[in-house]
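Protein chains in written order, with UniProt numbering: chain A, 1 to 428; chain B, 1 to 428; chain C, 1 to 428; chain D, 1 to 428.
For the record, the hints were derived by calculation from the structure and aren't laboratory data. Owing to the predicted nature of the structure, the values given are computational and were not obtained by experimental measurement.
Any copy, or any two copies together, can satisfy a pair, since identical chains are not distinguished.
In silico DSBU-like cross-links for lysine-lysine, where the CA-CA straight-line distance does not exceed 30 Å:
no.	residue 1	residue 2
1	LYS318	LYS239
2	LYS100	LYS423
3	LYS138	LYS239
4	LYS307	LYS318
5	LYS193	LYS426
6	LYS307	LYS239
7	LYS357	LYS239
Protein chains: 4
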Amino acid sequence: MNKSLAEKLIHWRRDFHQYPETGFLEMRTASIVASTLDELGYSLQLGKEVMAKEACMGKPNEMETTNHLKWAKENGAMVGYLYQFEEGYTGIVATYDTGKKGPTIAVRVDMDALDIDEVLDEEHVPVKEGFRSKVPHKMHACGHDAHTSIGLGLATMIAENKDNLTGVIKLIFQPAEEGTRGAKAMVEADVVKDVDYFIAIHVGTGVPHRHFVASNNGFLATSKLDVTFHGVASHAGSKPEEGRNALLAAATAALNIYAIPRHSHGVTRVNIGEMHAGSGRNIIPNQATLKVETRGETSEINQYVRKQIESIVQGAAKMYQNEYEIKVVGEAKSSTGSIELAEILSTSAKEHPFFEKSLLESNESAGSEDATFFMEEVKKNGGLATYCIFGTELAAGHHNERFDINEETLLPSVEVLYHALLKLSKHV
Amino acid sequence: MNKSLAEKLIHWRRDFHQYPETGFLEMRTASIVASTLDELGYSLQLGKEVMAKEACMGKPNEMETTNHLKWAKENGAMVGYLYQFEEGYTGIVATYDTGKKGPTIAVRVDMDALDIDEVLDEEHVPVKEGFRSKVPHKMHACGHDAHTSIGLGLATMIAENKDNLTGVIKLIFQPAEEGTRGAKAMVEADVVKDVDYFIAIHVGTGVPHRHFVASNNGFLATSKLDVTFHGVASHAGSKPEEGRNALLAAATAALNIYAIPRHSHGVTRVNIGEMHAGSGRNIIPNQATLKVETRGETSEINQYVRKQIESIVQGAAKMYQNEYEIKVVGEAKSSTGSIELAEILSTSAKEHPFFEKSLLESNESAGSEDATFFMEEVKKNGGLATYCIFGTELAAGHHNERFDINEETLLPSVEVLYHALLKLSKHV
Amino acid sequence: MNKSLAEKLIHWRRDFHQYPETGFLEMRTASIVASTLDELGYSLQLGKEVMAKEACMGKPNEMETTNHLKWAKENGAMVGYLYQFEEGYTGIVATYDTGKKGPTIAVRVDMDALDIDEVLDEEHVPVKEGFRSKVPHKMHACGHDAHTSIGLGLATMIAENKDNLTGVIKLIFQPAEEGTRGAKAMVEADVVKDVDYFIAIHVGTGVPHRHFVASNNGFLATSKLDVTFHGVASHAGSKPEEGRNALLAAATAALNIYAIPRHSHGVTRVNIGEMHAGSGRNIIPNQATLKVETRGETSEINQYVRKQIESIVQGAAKMYQNEYEIKVVGEAKSSTGSIELAEILSTSAKEHPFFEKSLLESNESAGSEDATFFMEEVKKNGGLATYCIFGTELAAGHHNERFDINEETLLPSVEVLYHALLKLSKHV
Amino acid sequence: MNKSLAEKLIHWRRDFHQYPETGFLEMRTASIVASTLDELGYSLQLGKEVMAKEACMGKPNEMETTNHLKWAKENGAMVGYLYQFEEGYTGIVATYDTGKKGPTIAVRVDMDALDIDEVLDEEHVPVKEGFRSKVPHKMHACGHDAHTSIGLGLATMIAENKDNLTGVIKLIFQPAEEGTRGAKAMVEADVVKDVDYFIAIHVGTGVPHRHFVASNNGFLATSKLDVTFHGVASHAGSKPEEGRNALLAAATAALNIYAIPRHSHGVTRVNIGEMHAGSGRNIIPNQATLKVETRGETSEINQYVRKQIESIVQGAAKMYQNEYEIKVVGEAKSSTGSIELAEILSTSAKEHPFFEKSLLESNESAGSEDATFFMEEVKKNGGLATYCIFGTELAAGHHNERFDINEETLLPSVEVLYHALLKLSKHV
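Using the sequences provided together with the hints, build the complete structure.
Structural data, given as structure tokens:
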């Protein structure tokens, strides 16, 4: 039986890999996930049922969403489920209630891809094996295709072994983890309100093949901000005094944002990844945008940086008599895994022959992750939460056009998660 | 006969108006101009014969040029002449040598249009009369369609009255006046080396209908610069110290460029019309571009501003260990008209019943103009030069989507120029 | 008689030259002026009677004022008048009412010196002739010693010829012209409210020896601003996040102040002559000051620049959560002389054998002057006003440590003014 | 005997406290130290013998040094030793060679005070007990008076117990630790070249009374830089284009220095504690200075920051066509104590009845310390080194005007050091 699950895992992963969809557009993916879970007998909550609209950050506009719906229809989406996702709310919660007294356990995977052109090189396995991305400028270069497969694999194993489990199992398929945009909306829709144990997963991230980390604590809190300045245009030669220069407001803000002081309590980061201003050489620019990103070792430190940015932007706008907006288009918290839960996962990995090394905790910085929203919510309500990593061989780093994983990792990952669920079932 | 010339003028102007072509892409226009002049018996020099390649500034790239050639073929270009212009060198010099002893007189008109969408409003005359631009985002919104027609009208009048003239007449049809990009290349190809009298013309520019200005001296010298910074990208979260931030180099340059000191000898202007930097929120930006424009009351003052910009850009690049380029994509000088020549034109206008008022000189700033390259060259060689303006009723200001002229102005403009040529013919 | 006046003029000038006093500290000078005018029979208004306290700009603090009072007592001040000036309100208006029907005519001179060390060089005339400044770091390097002497000389001539005059004559001795700080206070005390003709004078300013300019119109309006930022200090190593950096607020303001756009209606200037911030290398600076100066071709243009500065300072303070103050420590207007009055002065100069050339109007920029406050006030009330210049040979430019005038100019200047007063007396 | 040493320690400390001397001016202090050690029989190396001239950073100029020499003579310096220190090279190395085989052990204390006015409050112990600083604006507010006393106390104990020791003992009295200016010069004079064990000490720094830290590892590497820009002055109103604005160069540098990216390998700090620019409101500033401080978790990270500053300063100077200088006026490294040596000290403290708690290692940041130069040099040569802290009750934080220690700490500190030396004597 497991041999067949191994094949399914690879099949799913390669299918998703060929049809990558970016955040809040995972319509084809979600429709296939929903269809599969439905068949397996899970009780499903879809789309807006599991996502608070106003908490979705950096969601594509209506035109882009509608265009993508068309694409999804033409590219193998399960049409019966598609209507639930057609506005771009693509989250799924699949619940299996054992009917027996026991804990509520949630496992979260993410489904979105990146705006990257996958390499064409013959040595790149997806090319050689014929499952390279079919979509220009889009690619699963972070492994979320694997995560979604593992989620479906775990769903399958649970369904096939349901008598061994107690309590309630919730499988969460999250959209838009890239840019840390999607988790908050699912948390605000209360999908983990009743959860006792929460597990989020990732493959790779520098953890070696056949290694396992039960609690990865290095995530930095982050905010992604779109800042816009609105000034007044005028002819730069004949009426320079009538302009209200948005380019200069933005340039001044940029310099001062980078100059935000370090924080004595921990690491901070700030970046302005893009700036665009103006519309013609001889016109005083009346519009400027900045794409800003902050990070902090704790959520408090990240808030400190954000607060400085607000003052700076307000001041720069004031300087040039501009109007401004600051739009939050992504957000994640810092979070520390619950050691008790990590120990159960670590033990499961140690017991599995595939894993050669199982680390309880790691503080390696792995950027930011919005699974932290789920973790902090579960912990706030008295539950336990952790973020674990299944090491794998990477063809190239995450977000690289040559990124690829070793598919051997898929089945053992599912099995470790399943055995942890077994232990947790009996734990209460 | 003149009645028929009036009709021709309107016909030409409306034809050009419907098929606007921007700088260095005036292929259809130039082919029609060349064909018409050829028929009238002028000796023609075309394209690279009258333009120094390396002095063309801000010329579109090969792909854009090739695409436009295709468009020109499909939109009424005179194919027999088109090959001369197919690389985007679209200048024309038409010479008529009377064979009689006399001065060499040049008249220069420009042919290019702007990147503007012409308004669709029914009250806009080109819409009502059916000659609105057929090309999206392109429009003759500055009157160069009228200038080209006047040039052809003058060619016609000369051809029909050639026995009255002495010396040599040169009609110059210049590409890419917008952005002050095309004149320098024609000057460097020596097209006015032998010229005794040089006249450039414009319609409108705020001069009232039926008024004439014989010498417009308010033009500011100008430079158009494209500045690029090349840094090094790195992940803003995990390797901030490895980046060489081009966005910050550009922002610093921008602030300091605006802070260039005023000049005690006259007016200066500086503007950064556009800034674009970076490629992703979490990447330290490795590229940034600035579209810069300088102006000065004299060419020397403009050079002063340019020199400061070079220091600032070099310094900003140094600060962030960036490489940089400064590309000159447009340039014009300041110039003062020769009063002796202006008097002849002014008298011609006074003698013409259409013009109610003829002003000898004006210092109204009318932005910048690269006809000044021709003027300064002619004056340097001992000749006389002026820039004159035929007032007309404007539906809206130059470069506005509702711009339109009063076509009544066309024939009188041709006639004033012709009578000035007559006077100049007898002048030596 | 005039020979003796010539001697007096030189005596006064050299006495004032040896005892230079800077703005609002002209106590010794004012006491001698008051004593002399009193003796001549003028009706005197002194100190706070002729100066609105709250309109004095950039006045030294109490300690400096008290210290200077002591100095004045020890250095030849006329003690009987000194108490009127002891708080630093050192203006004087001396009135002579002829009792006959006639116009009210005012002549204004200024009395203050500069913070400059006079050169010690033997070839410098004040050294050679023994009247070099006795006060370290203070010097009459702009000629106000000559102006005060001319004022006293004119007072003498009027007193000796009073039967020839009609109406009312007001002689105004103004403090603190340097930094344009004193005139506004006298205007706000209504000292020229009733004036029909107003004449301000200067020597030198580039006008050649034996030349005269009856109306100098080149003065730029100006504002002198002291800007202070108040932040919060913190230890830069251990608590960087607790600081509110006043140095960065000021640096940002400085850059953006220089970047204020040019004005299409005329010349602008802006300068930050000094910046001082912080108190220790390892402390985040909690205080910063900027000494700012604006100029504009008209008072309106100058106001435009000032308004931008206010926005910039407010914005920079906001950026760094600082408090700020902007203190006006000097101010002058632009003003154009009344041609009718200038003609009378010009004629007087032409009639005087000493002057070889008399110019009616000049637009040469001569920096800024707060006599413009008087001029605009008089003109607002329907009177006529002008600012005239008595050319003289200068040993070095104004504000230079080698500055010196040719004393031959003194008597002819008094005589030209007296003859203009005679003409004006009969003019109504 | 120890009772009498306790009294001596207090006597020394209070004497030094009354006569505080800042870095490179510790002439009185050094003369007393030298005299005392000479009497105890130590072999002495003084002044330039133990300091490399060119490695002294931020040393006062000749005039200040000469003036202080005069002060020292008048305030109780031991004149017989003073000449050795009269140029401001005030370091001392006192050596006692037991003649027995054994290790070379060095203990380093520092002697300099701070530019602070000691509080006058009666409750402040130095006031109440009559040993407040007699020097305005100078105060031992960091405890170096205690360190020097402990050094002399240890010298006394060693002298009285010399038969118990083996090897060579070197007592190092360092000038100018504040601003991290003096250690490098002693290291470059090779004073620890032959050292097997090196111990530096501090009192207080937040370590509680009766607590001891054997190895304090939290010091950040640091550089103190004085940056000067030299531009060209010009009159801001009449010749703005002739200036080369040093204020703007410095303001631009300041902003960009604060914007130096964080480093992924560890903590950084950067501060500009002071900026001073310009000399008059209407003059374009031709000089500007910045007092800069960098810090890094490691010496490499600190070097990274310094390198960025050099690029920024160079770039800012280039921008404004200024010349610049960067002068290093202080420097310290990061360093980690040798655990083996720390254990010996920790044991000594544990064995002493006064100390209630002895910590082996601490990573609390305690700013920067140039003892790290000695430590790194000793470790480089194969020796062991540590920096230990004797906790004490503080009346107020270090560098505060109310700073004071609990003198009970002095004798136990000497005894712990002595017992560690005993152990090390037998250790080899």
